Structure formats: structure tokens, C-alpha cells
Amino acid sequence: TDTIKAVVIDGYPSRALWVKEFTNFFIPAVDARLAKTGNYKMDWQESYGGSIVKPKGVLEGVKLGLGDIGIVTTIFHSSKLPSQAIAAVTPFVSSDARAVSKAVDEIAKEFPAMQNEFKKQNQVYLATGVVLDTYQIFSKKEITSVKDLEGSKVAGAGMNLRYLEGIKDAAGVRGGLTNFYNMVQTGLVDHAMLWPEAAATFKMAEVAPFMLDVSLGAVNSKTVTVNADYWKKLPDEVKTALQTVAVDYRDHLAGLAMDRAAESIKAYEAAGGKVTKLSDEERKAWVDSIPDIATEWAENLNKRGEDGTKMLNAYLGKLKDAGHVGVRDWTAK
Amino acid sequence: MFQSTFHGISKIANSISKLANVIGTLVVLGLVIIINYDVFARGLFNSPFRGAVEVVQFSMVLIVFLQLPDVVRVGRLTRSDGMLLLLEHKVPKVARVIHFFINLLSAAVMSLIVLAMFPEFIEMWESKDYFGIPGVFTAPWWPIKLIILGSAALCTVLFILKILIPKAGGSK
Amino acid sequence: MSPIEIGAISVVAIVLLIYIGVYIPIALAAVSFVSIWLMRDNFDLSVNLLKVAIGDSAMEYAFATIPLFTFMGLIVSKARLGSDIYEVMSTGFRRVKGGIGMATVGANAVFAAVTGSSIASASVFAKVSVPQMLKNGYNPRFAVGVVAGSSVLGMIIPPSAMLIIYSFVAEQSVGDMFLAGVVPGIMLAIAYIGAIWGMGKLFPKFVGGRPASDYERMPWKEIASKTLPTLSLITIVLGGIYTGWMTPVEAGAAGSLAGLVIAVLRRSMTLKGFWEVLIETGHITATILFLITAASIYSRMLGLAGLPNQLGEYMTNSDFALFQIMVFYVLLMLFLGTLLDTASIILIVVPLFLPLIEPMGLSLVWFGIVTVVGAEIGLLTPPLGISCFVIKASLNDDRITLKDVFLGALPFAAVMLVVLIILIAYPQLSLVLLN
Ligand code: NA
Ligand code: NA
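Heads up: the protein sequence lines correspond to chains A, B and C, in order.
Counting in our numbering, the final residue of the first sequence is number 334, and the numbers go up one at a time with none missing.
Counting in our numbering, the final residue of the second sequence is number 921, and the numbers go up one at a time with none missing.
Counting in our numbering, the final residue of the third sequence is number 539, and the numbers go up one at a time with none missing.
Derived from the structure by calculation, the hints contain no laboratory data.
It is possible that part of the hints are untrue.
[Stated by the list, open to error] List of simulated lysine-lysine pairs, DSS-like, C-alpha gap at most 25 Å:
1. Lys376(C) x Lys767(B)
2. Lys121(A) x Lys234(A)
3. Lys839(B) x Lys507(C)
4. Lys120(A) x Lys278(A)
5. Lys278(A) x Lys267(A)
6. Lys234(A) x Lys285(A)
7. Lys141(A) x Lys37(A)
8. Lys321(A) x Lys311(A)
9. Lys877(B) x Lys304(A)
10. Lys767(B) x Lys120(A)
11. Lys767(B) x Lys121(A)
12. Lys57(A) x Lys877(B)
13. Lys21(A) x Lys6(A)
14. Lys204(A) x Lys278(A)
15. Lys278(A) x Lys148(A)
16. Lys169(A) x Lys148(A)
17. Lys275(A) x Lys148(A)
18. Lys148(A) x Lys57(A)
[Stated by the list, open to error] So, partial list: chain C residues that the calculated Cβ filter (under 8 Å) puts toward chain B:
19. Leu120
20. Ile122
21. Tyr123
22. Gly125
23. Met322
24. Pro323
25. Ser448
No experiment lies behind these values; they were computed from the predicted model shown.
For glycine and all other residues, C-beta sits at the position ideal for the given N, C-alpha and C.
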């Protein structure tokens with residue numbers, strides 16, 4: 002039996018859902034597969050929570066060989082990994098983490114764009130992870146329509162700030178998960194965009210007891226990658242094990258995210274939160290007000306010599322086949 | 750003859766350090782202004798400055814690496830020199846050897862940083878990579894890499910000069 | 105070589121290099137670089153670690169608190185806020201034995217809430233309160249000792265550069281660390297005042313001094329004009345953070361601006377003085393952040409070596425009690441405190457102990473307070489005790505030797521140690537404001 006050392010890195014701490022599942026699901030699954038033949042055995046070194054890299058440093062850490070395998074949080078790297086924004090630029094399509102992660106992962110494998118981007122970063126793409134079901138709006142006061150968002154301040158992070166651009170006088174304020182609670186409590190913002198699981202974890206019901214069920218959609222944010230030099234030296238059996246388990250991990254994680262989301266809504270309501278569903282007409286009005294970020298995204302990729310438009314259409318087609326049709330047709334020009 | 754060349758280089762290096770220091774100092778002032786602007790714009794006019802985070806991060810790199818050469822020049826990098834001062838008093842010869850070793854080690858570390866940052870700068874210059882959120886606020890990476898590269902290079906030169914011209918630029 | 109051996113050898117190498125006078129960041133970077141090179145037999149990997157650590161470290165948003173609070177502290181020192189608070193306090197305490205000493209502690213505690221470093225406190229109060237105490241017949245050793253001891257409050261009561269540094273290494277929120285520092289800081293101030301009272305009873309000769317004869321009550325108006333500027337700054341900074349209205353970075357910027365306005369209104373700021381403050385701020389920021397950067401290279405080296413994993417495993421397999429770990433931790437900090445500055449101690453010991461503390465489910469905020477207080481005892485102990493050095497330099501009085509300063513500070517270092525033990529035993533003291 003050959004022993005192969007693998008340093009796994011993530012800048013997030015081991016209590017984060019996807020990290021915990023890497024330890025409890027991914028690693029045992031790989032070990033079990035390899036144990037069947039007994040040819041190889043992995044010697045895992047799990048270094049999480051900033052012990053080697055910070056959350057933003059995983060991409061570079063895997064690139065430079067500080068870690069052999071890494072969980073890259075792709076939303077930090079819009080410039081190096083533009084195609085990863087595929088779900089973020091198509092809001093109001095699907096709030097099913099399983100469907101979105103499967104579709105993104107298949108796009109990554111059928112089109113060269115995502116793998117090329119990682120190849121440039123000296124790493125091999127394994128699978129996509131989706132850890133949140135959908136962004137929702139959490140408010141201090143009860144709101145029922147998009148009009149209620151006009152002239153208000155909404156905390157968000159990353160690409161979702163752009164969803165507010167068409168709402169009259171609404172200002173997107175940048176925040177992070179850890180300070181949304183304070184931002185709402187102090188009146189710094191009127192609403193915050195986050196997903197139910199995070200809302201439950203950070204006790205948002207205490208300060209923002211009204212959730213507007215907008216269902217902006219699930220977004221991919223985690224990608225498991227392997228350092229390319231390390232990959233080259235791996236025996237085929239290990240490569241196959243990693244690839245297969247990565248797909249299982251993808252589905253396992255998305256399933257967990259959905260279970261957690263359902264529990265979190267219940268917890269939010271139990272803690273005094275009230276959920277109001279946004280009407281279909283209102284959702285339509287909102288999504289139509291957003292600039293055409295999907296086309297912007299596709300054209301940017303086209304310019305880089307990738308097939309952005311085709312990717313976008315194929316991605317939405319996959320979701321459609323799975324029964325998820327968007328409120329707005331993002332493929333239209 | 751060499752000595753006068755060294756002194757010439759030393760003069761130039763010192764002037765660059767001081768200039769960088771002045772620019773870095775102005776960035777400190779800029780930082781105070783920008784963050785206050787963001788706080789007021791957000792609180793009073795409902796229009797936060799969406800690039801505040803990136804600008805603050807950028808400023809931090811500018812402050813640290815523009816001021817670092819001057820810190821090296823005036824010998825203010827953190828150290829515990831009680832033993833060394835004692836040796837200077839009692840056995841100056843040993844102290845001189847230690848000074849030589851310290852400056853050499855410092856120059857080596859600084860030049861390793863140059864070695865690490867140079868390809869990084871070239872890569873960012875060619876790829877025009879940025880950080881931040883497209884459509885919200887973005888800033889290019891290359892100036893950051895360039896500042897760190899330049900700063901480390903200048904620090905390398907300053908430490909080498911401290912070896913060549915003992916006491917030049919003042920070890921204290 | 106096992107990770108634990110690498111960790112141990114690297115610490116010894118770093119301490120040796122620092123002891124012969126190598127710049128601390130250079131020692132940390134060099135030892136880390138060589139360790140990885142030897143461990144993995146891979147020069148490029150070492151260079152890559154440098155690359156990642158150097159790029160990352162300064163880019164941290166929360167680090168903007170360092171220049172901002174440094175700037176604020178320097179500005180308010182120039183605006184004489186420290187001496188004003190001292191004058192008000194001393195009218196209150198004058199009639200008690202050791203009263204000026206108590207006033208110094210009280211003024212330091214208040215001033216600490218608007219300055220981020222002990223150095224500012226030490227230099228301000230060495231100039232203001234030591235001459236007053238000498239004039240009133242206090243024992244010189246006691247006089248300088250009080251100033252040295254209470255200057256430590258500057259870095260425990262928020263804002264504090266050390267709490268910021270810890271929050272970076274341990275990945276805790278700066279705001280949480282600031283809130284956690286309030287109660288322990290006040291506790292230490294009260295302990296000092298109690299100790300002075302006790303010393304006055306038990307060792308009246310060590311304290312010296314006579315009750316003030318020129319006692320005059322300060323008019324309310326003057327009290328107001330001397331305290332309001334500081335109180336308003338405290339309200340802006342700590343109030344802003346506590347209510348969540350501002351991030352610590354924003355509170356630092358707002359405090360800087362407010363401090364500047366106060367200084368200008370009081371006409372205590374010239375353009376030249378302003379420029380000096382800016383340059384000093386830049387120098388201090390560059391020095392601290394370069395040190396932090398180097399320390400992050402070191403802690404990542406330990407991570408790459410697998411030391412945290414090994415230590416974690418070792419802990420689960422052995423039956424060390426928390427008590428033993430903490431005793432060892434405090435002793436290590438006291439030892440390092442003899443020759444290292446506070447920031448370096450925090451940056452060196454925290455990455456080593458975090459993997460031991462975290463799995464035990466203990467609060468990392470509490471651990472941070474313990475670390476900062478423990479590391480700051482070193483400010484008062486020879487041979488390298490920064491606060492004592494600063495006081496000696498600020499006094500510029502040949503009658504008081506450095507030895508006097510250290511001996512005078514010793515009882516206060518002992519009080520700190522007692523408070524530290526209480527803080528270790530009762531984590532709730534640090535966490536009460538957070539819950
Ligand atoms: Na303070
Ligand atoms: Na000391």
C-alpha cells in the first residue's frame with residue numbers, strides 16, 4: 002500500500018458547513034473507495050481557519066502548492082474566475098441548491114471556460130458546491146412589495162448589490178454576514194439580503210422579524226480544486242476516487258443546504274419572525290428592473306474567447322429541464 | 750573611491766525613502782478623510798461610498814510599504830537591542846560582527862521578498878486582474894504588487910548600504 | 105522531524121536571533137523561510153509562502169484601525185487631554201495618602217479610552233504627574249512606578265492596538281475584543297488604586313508624600329471644560345462601536361476627526377505638529393504591520409508543518425488539564441516579556457496555543473484578554489520594559505535611574521499578575537459585556 006499525503010486547505014474554520022462535510026463526508030468516502038483495492042492510502046492533513054491561508058487566499062494557496070486540495074470561495078475572485086458568477090447573474094430562476102449545483106457543475110465539465118480559468122491558476126477543477134438555497138430580504142418593518150424598498154438602504158454582499166440597481170433610490174450598503182445584525186439593529190440599513198440559514202445562525206429574527214420571501218435564487222460559491230502539479234503525480238485510481246467523491250460531495254452538500262434552509266425558516270418563525278411571500282407580479286416587476294447582468298456576463302466571456310452565450314443558454318436549459326423556469330428569460334437580449 | 754560612490758547611492762536611496770514616506774503620510778490623512786466621507790454620506794445622504802472597503806485595503810498597503818523604507822532608514826524596525834548595546838560598550842569588535850550579520854540577514858530577507866513579488870507583479874500587470882465586485886467597485890492588483898516590490902527592493906538597498914557604510918543612515 | 109520538533113526548534117531559533125538583536129520581523133521571516141525549505145526540501149514553496157503572506161496581511165480592512173487609533177491618540181496627547189483629566193482627578197484624590205498616585209491611575213484609565221497605546225500614556229503622565237508627586241514629597245520610585253504601571257491600561261482599555269492584533273491572529277471580531285477589554289481594564293485600575301491605598305497603610309515610606317496643603321476645589325465650569333472633550337471622544341468611539349453604529353475602523357476615523365477638531369479649537373495644533381503626528385502615525389503603522397506580516401509568515405509555516413493538527417491530537421490523547429496549560433502559558437509570556445515587546449509576544453505565542461485552546465471549547469475572546477494582559481506585564485519587567493524606558497526618556501531627570509523605574513513598577517507588575525489570575529479563573533469578567 003502506497004501512502005499519499007494530501008494537505009487540504011480552506012480559510013474558513015472547521016465549523017463551517019462545507020468544511021465540516023469535507024471532514025465528515027468527503028475524506029471518509031475517498032478513504033472507503035481506496036480501501037476496496039488497498040493499493041493506496043491517503044494521509045490527510047486538514048488545515049483550516051487561516052492556519053495556512055485566509056478565506057480569500059485559498060485560490061492562490063492551491064496555485065502555489067501551499068495546499069494540495071482546496072475549497073475555493075469563488076465569489077472573491079470575479080476577475081480570475083469570471084465564469085463562476087453564472088448563477089449570481091441569473092437571479093429569480095431557481096432556489097434549489099441541488100439543481101443549481103448540478104447544472105453549474107455540468108457546465109463546468111461540458112464547456113472549457115471554468116476549467117480553463119482554474120488551469121490558469123495551476124489547479125484542476127473537481128466540483129461545484131452550493132451552500133445556500135436563496136437570498137431573501139430581512140426587514141425591521143413589515144414589507145409586502147418592491148415599492149417598500151424604494152428609497153431605503155439594503156445591506157448585501159457581492160453581486161447581489163446589483164439586484165437593487167433598478168429599484169428607485171434604493172441604496173445597497175456593503176456588509177458581511179457578521180455585521181448584518183448590527184446594521185439592521187442600529188438603523189444603518191432598513192433591510193438585509195441573506196439566506197435563511199445565515200439569518201437563523203445570526204439571530205436576525207431579533208432585529209429583523211419580517212422576511213420577505215423573494216426567492217432571489219441559489220448561488221454557487223464553493224469549488225473544490227486540486228493543485229495541478231500534485232494532480233499530475235497522482236495515480237489514476239486516486240484521481241478517479243477524488244473526482245467521483247467530489248460529485249457525491251456536491252450533491253450531499255446541496256441536499257444538506259436545502260434541509261437546513263427548511264429548518265432555518267421554521268427556527269426563524271419560532272423566534273418570532275414572520276414570512277410574507279412576494280406576489281408573482283411583484284417578483285416579475287423586480288426582476289425586470291435589474292440591468293441585463295446575464296448578457297453583460299456572457300459578453301465579457303465571449304470577449305475572452307470563451308463561449309459565454311452558449312454557456313448561459315445551456316445552463317438555463319439544464320435548469321429548465323429540471324423544472325426551474327425563470328421569472329425573466331435571461332437568455333433574451 | 751568606492752566610499753564616495755556608496756555615499757552617492759546612499760543619498761539617492763535616502764531621498765527616495767523620504768519621498769515615499771511623505772506620500773505614505775498623505776495617505777494616512779486620506780484614509781481619515783475617505784472613511785469619514787463614507788460615514789457621513791451613508792448616514793446623511795443615503796449614498797454610501799461603495800468602494801470604501803477596497804480603498805481602505807489599498808491605502809493600508811500604501812501606508813505600510815511606502816513608509817517601510819523610511820522606518821528601515823531610521824532604524825526603527827522592532828528589535829530588542831539591549832544585549833547589542835551592552836556588547837558595543839564592552840566588546841565593540843563582536844558587536845560589529847553582529848551588526849554585519851544582522852544587516853546581511855535583513856538584506857537577504859528583503860531580497861527574498863523582491864524575488865517573490867517580481868513574478869507576481871509581472872503576472873498582474875499582464876493579466877490586469879482586479880479585486881472588488883464588478884459593477885460595484887473594482888481596483889487593479891498591479892499597483893499593489895508594484896509598491897510592495899519597490900518597497901522591498903529599496904529596503905534591500907538600504908540594508909546593503911548599512912553594511913558598506915557602517916553607521917550611514919544611522920543604525921540608531 | 106515531527107511538526108512539534110520543528111515548532112520547538114523554530115521558537116528557540118527565533119528567540120536566540122532576537123536576543124542578539126536581529127530585527128524581530130526579520131528573525132520571524134528568516135526562520136520560517138528556512139524551516140519550510142528544510143522541511144519540504146522545496147525552495148519555491150518557501151518563496152510562495154512569503155508571496156501569499158506578504159500580499160495578504162496588509163490588505164486586511166480591520167487593520168485600518170491601527171493608523172486611525174494611533175493618529176487619534178497622538179492628536180489627543182498634543183491637545184493635552186491627558187493632563188486635563190489628570191488635573192481634574194487630582195482635585196478629587198488629593199487628601200488621601202497616595203492620592204496623586206490614585207489620580208494618576210484614574211486619569212490613565214480615562215485617557216486609555218481615547219488612546220491606543222501605552223507609550224502615549226507613559227510619556228504624557230511621566231511629564232504631568234511625576235513632577236507633581238515629587239513636589240509633594242512622594243518617593244521617586246513610587247512616583248515613576250505608578251506612571252509605569254498605569255500606562256499599561258492604555259492597551260487594555262479599548263481602543264487598543266494589542267486587542268486589534270490579537271483579533272487578527274485569532275480571527276475574532278475587533279469590536280468584540282474591544283468590548284471584552286472594558287471590564288478587565290477597569291478592574292485593573294481599581295486594583296491599582298486599592299494597592300496604592302494598601303501600600304500607603306503598610307509601607308508608608310515606599311509611597312511617601314504629604315497631604316496637599318494648597319488644596320482648592322476646582323470650579324464646575326473648569327471641570328466641564330477639562331473633561332467634556334475626552335468624554336465626547338469616548339462617546340463617539342466606544343459608543344459608536346458598542347451600538348453598532350460604526351465599525352471599529354469607522355469609529356477610529358470619526359475619533360481622529362473629532363480629536364483633530366478639538367485640537368484645532370484648543371489652538372494646540374500647528375501645521376508642523378500636525379505633520380509630525382502624521383509621520384509618526386505612518387512609522388508606527390508600518391512597524392506594527394510589518395511585524396504582523398512577518399508573524400503571519402511564521403504562523404503559516406507552523407500550519408504547513410501541521411503543528412496545529414499535531415497539537416490538537418496530542419491534547420485529545422493526553423490528559424493535560426486547562427490549569428496546567430494556563431500555568432505554562434503565563435510563565436512563557438512572563439519569560440518572553442522580559443525581552444520582547446507586547447505585539448511580538450502575542451504574535452509568537454497565540455498561533456502556538458490556539459490549537460490547544462480552541463478544541464476545548466473555550467472562548468477565544470477571553471483567551472485574547474488573558475493573552476493581552478499577560479503579554480503586557482512585560483512592559484514593566486527588565487531588561488526590556490518599554491513603558492519603563494519611555495518614562496525614563498520622557499523624564500530626562502538624572503536623579504531617577506532606570507533601575508528606580510523598574511523597581512517602582514515591580515509592585516504594579518505583581519498586581520497585574522494577580523488580576524491576570526482572576527481573569528483566567530473567571531472568564532465571565534471578560535465576556536460580560538458581550539452577552
Ligand atoms: Na486604549
Ligand atoms: Na519586559
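A quick look at each hint next to the structure:
1. Taken as a hint, the Lys376(C) and Lys767(B) pair is honoured in the structure, with Cα atoms around 16 Å apart against an allowance of 25 Å.
2. Between Lys121(A) and Lys234(A), the direct Cα distance comes to roughly 19 Å. Compliance with the 25 Å bound is thereby established for this hinted pair.
3. Distance check on the hinted pair: Lys839(B) and Lys507(C) sit about 20 Å apart at the alpha-carbon level, within 25 Å; holds.
4. Between Lys120(A) and Lys278(A) the alpha-carbon distance is near 43 Å, which puts this suggested pair outside the 25 Å criterion.
5. For the hint linking Lys278(A) to Lys267(A), the alpha-carbon distance of about 15 Å falls within 25 Å, and the restraint holds.
6. Of the pairs offered as hints, the one joining Lys234(A) and Lys285(A) is violated, with about 51 Å between alpha carbons and a cut-off of 25 Å exceeded.
7. Only pairs whose Cα atoms come within 25 Å are accepted, and Lys141(A) paired with Lys37(A) is rejected, the gap being roughly 55 Å.
8. Between Lys321(A) and Lys311(A) the CA atoms are separated by roughly 15 Å; this keeps the pair inside 25 Å, and the hint holds.
9. Of the supplied pair hints, the one linking Lys877(B) and Lys304(A) holds, its CA atoms being roughly 15 Å apart against a limit of 25 Å.
10. Taking the CA atoms of Lys767(B) and Lys120(A), the gap is about 43 Å. The hint is violated against a cut of 25 Å.
11. Proximity of Lys767(B) to Lys121(A) is assessed by CA-CA distance (about 39 Å); at most 25 Å being required, the pair is judged violated.
12. Distance check on the hinted pair: Lys57(A) and Lys877(B) sit about 18 Å apart at the alpha-carbon level, within 25 Å; holds.
13. At most 25 Å may separate the alpha-carbon atoms for a hinted pair to count; Lys21(A) and Lys6(A) meet this at roughly 20 Å.
14. Among the hinted pairs, Lys204(A) with Lys278(A) is consistent with the structure: their alpha-carbon atoms are about 21 Å apart, no more than 25 Å.
15. Restraint check: the Cα-Cα separation between Lys278(A) and Lys148(A) comes to about 14 Å, which is no more than 25 Å; the hinted pair holds.
16. Between the alpha carbons of Lys169(A) and Lys148(A) the distance comes to roughly 8 Å, so the proposed pair stays at or under 25 Å and holds.
17. Among the hinted pairs, Lys275(A) with Lys148(A) is consistent with the structure: their alpha-carbon atoms are about 19 Å apart, no more than 25 Å.
18. With a CA separation close to 36 Å, the supplied pair Lys148(A) and Lys57(A) exceeds the 25 Å bound.
19. Using the Cβ-Cβ criterion of 8 Å, the hint placing Leu120(C) at the interface with chain B is not satisfied: the shortest such distance is roughly 11 Å.
20. Because the beta carbon of Ile122(C) sits about 5 Å from the nearest beta carbon in chain B, less than 8 Å, this interface hint is met.
21. Evaluation of the Tyr123(C) hint against chain B yields a held restraint, the C-beta minimum of about 6 Å falling below 8 Å.
22. Given hint, Gly125(C) at the interface with chain B, holds; its Cβ is 4 Å from that chain's nearest Cβ, closer than 8 Å.
23. A distance limit of 8 Å between C-beta atoms decides the matter here; for Met322(C) the minimum to chain B is near 34 Å, and the interface restraint is violated.
24. Of the supplied interface hints, the one on Pro323(C) is violated, with its beta-carbon coming no nearer than about 35 Å to a beta-carbon of chain B, more than 8 Å.
25. Annotation: interface hint on Ser448(C) holds; nearest CB of chain B at approximately 7 Å, less than 8 Å.
The earlier numbered hints that this structure contradicts are 4, 6, 7, 10, 11, 18, 19, 23 and 24.
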